[in-house]
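Peer 1: Fit chain B to the given chain A structure using the hints.
Residue numbers (my numbering), protein chains in the order written: chain A, 1 to 113; chain B, 1001 to 1115.
Hints listed in this document are in silico derivations from the structure and should not be mistaken for laboratory results. Using N, Cα and C, we set each Cβ at its ideal position, and we do this for glycine too. Don't take every hint at face value.
[To be verified] Restraint-style ranges between C-beta atoms, simulated for each label pair:
id, chain 1, residue 1, chain 2, residue 2, range
1, A, Lys57, B, Thr1080, 20 to 26 Å
2, A, Lys58, B, Arg1015, 47 to 53 Å
3, A, Val54, B, Gly1028, 26 to 32 Å
4, A, Thr78, B, Ser1070, 44 to 50 Å
5, A, Gln81, B, Pro1108, 20 to 26 Å
[Stated by the list, open to error] Here are the simulated SDA-like cross-link-like pairs (lysine to any residue), alpha carbons at most 20 Å apart as the crow flies:
id, chain 1, residue 1, chain 2, residue 2
6, A, Lys42, B, Ile1026
7, A, Lys58, B, Leu1011
8, A, Lys42, B, Arg1111
9, A, Lys42, B, Glu1082
Spelled out, the chains give:
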Amino acid sequence: GENVEQHPSTLSVQEGDSAVIKCTYSDSASNYFPWYKQELGKGPQLIIDIRSNVGEKKDQRIAVTLNKTAKHFSLHITETQPEDSAVYFCAAISYSSASKIIFGSGTRLSIRP
Amino acid sequence: KAGVTQTPRYLIKTRGQQVTLSCSPISGHRSVSWYQQTPGQGLQFLFEYFSETQRNKGNFPGRFSGRQFSNSRSEMNVSTLELGDSALYLCASTIRGGDLGNEQFFGPGTRLTVL
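Extracted from the complex, chain A is given alone in its bound form:
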C-alpha cells in the first residue's frame, strides 16, 4: 500500500546550524505535502506545506522542497533555535479516489545549546 518514509528518526544539531528532514512517498497521485511540528503534550501544528505544482516554498527560517519525479520532499530549518526542538512529521495527501492522508514516522529534532 501507499506509504511515506521519513528520515532521520532522530536529529541533533547545534543551535544556529541547519536541520534537514527528508521524506519519500510512494503514491504518485499525492499532490499536497504538509509538515507538522508536535511539541510534548500537544497536537501537531502545521508549519509549512507545499502543493505538487510548486518546487519550493519558504517561510522565514523554514523551507520545503519537492521533487515530484523522485517523489521526495524535504524540510529545511535554518538558524535553528532551542524552540525548534520537537517531533516533526511529514505527510502526503492523495486524491486518487477519496482523500487519503499518510504520515511519515516522525523525526525527533533536538537543538543543542
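Peer 2: Leaving out everything else, chain B in the frame of chain A:
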C-alpha cells in the same frame, strides 16, 4: 478564537469495554478528522466528517466509528476495546470538508489507556 477542544484528556478503560471521545472544532469549521497516534504505528488517519456525513475513511476495523452533529461537534466510539487501542487520539478541524488538502488544526488529543 478558541482552538479545537477534546474531552476527556485522559481515559483508562479495560479490555472489552467501549469508549466515546468528543471533539469540538474551531468555531466555523465544518470538517472534523480523527487520527490515532501510537509509538509503533505513528499517526494514522481514522475518518473525516463533514456536514454530519463521513467523507473519508482510513483502514481501521468497524469497531472504530464516529459521528458528527449539526453543530459540527464530533464523537468517535471504539467498541470492544483491545490492548492495542491504547493511543493518543487526535482530532483536527478544517473549514472545508472532503478535501484533506486544507490546513488542519489539531486538538491536544485524548490519551486512552486500555488495561
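Peer 1: Indicate, hint by hint, whether the structure satisfies it.
Peer 2: Results of checking the hints against the structure:
1. Lys57(A) - Thr1080(B): 20 to 26 Å: Since the Cβ atoms of Lys57(A) and Thr1080(B) sit about 44 Å apart, the hinted range of 20 to 26 Å is violated.
2. Lys58(A) - Arg1015(B): 47 to 53 Å: Given range 47 to 53 Å: holds, Cβ gap about 49 Å.
3. Val54(A) - Gly1028(B): 26 to 32 Å: 28 Å Cβ-Cβ, so the 26 to 32 Å window holds.
4. Thr78(A) - Ser1070(B): 44 to 50 Å: 46 Å, holds
5. Gln81(A) - Pro1108(B): 20 to 26 Å: 23 Å, holds
6. Lys42(A) - Ile1026(B): 16 Å, holds
7. Lys58(A) - Leu1011(B): Not OK: Lys58(A) and Leu1011(B) at ~40 Å, beyond 20 Å, violated.
8. Lys42(A) - Arg1111(B): Judged against 20 Å, a Cα distance of about 11 Å means the pair holds.
9. Lys42(A) - Glu1082(B): 25 Å, violated
Going through the hint list in order, the structure does not satisfy hints 1, 7, 9.
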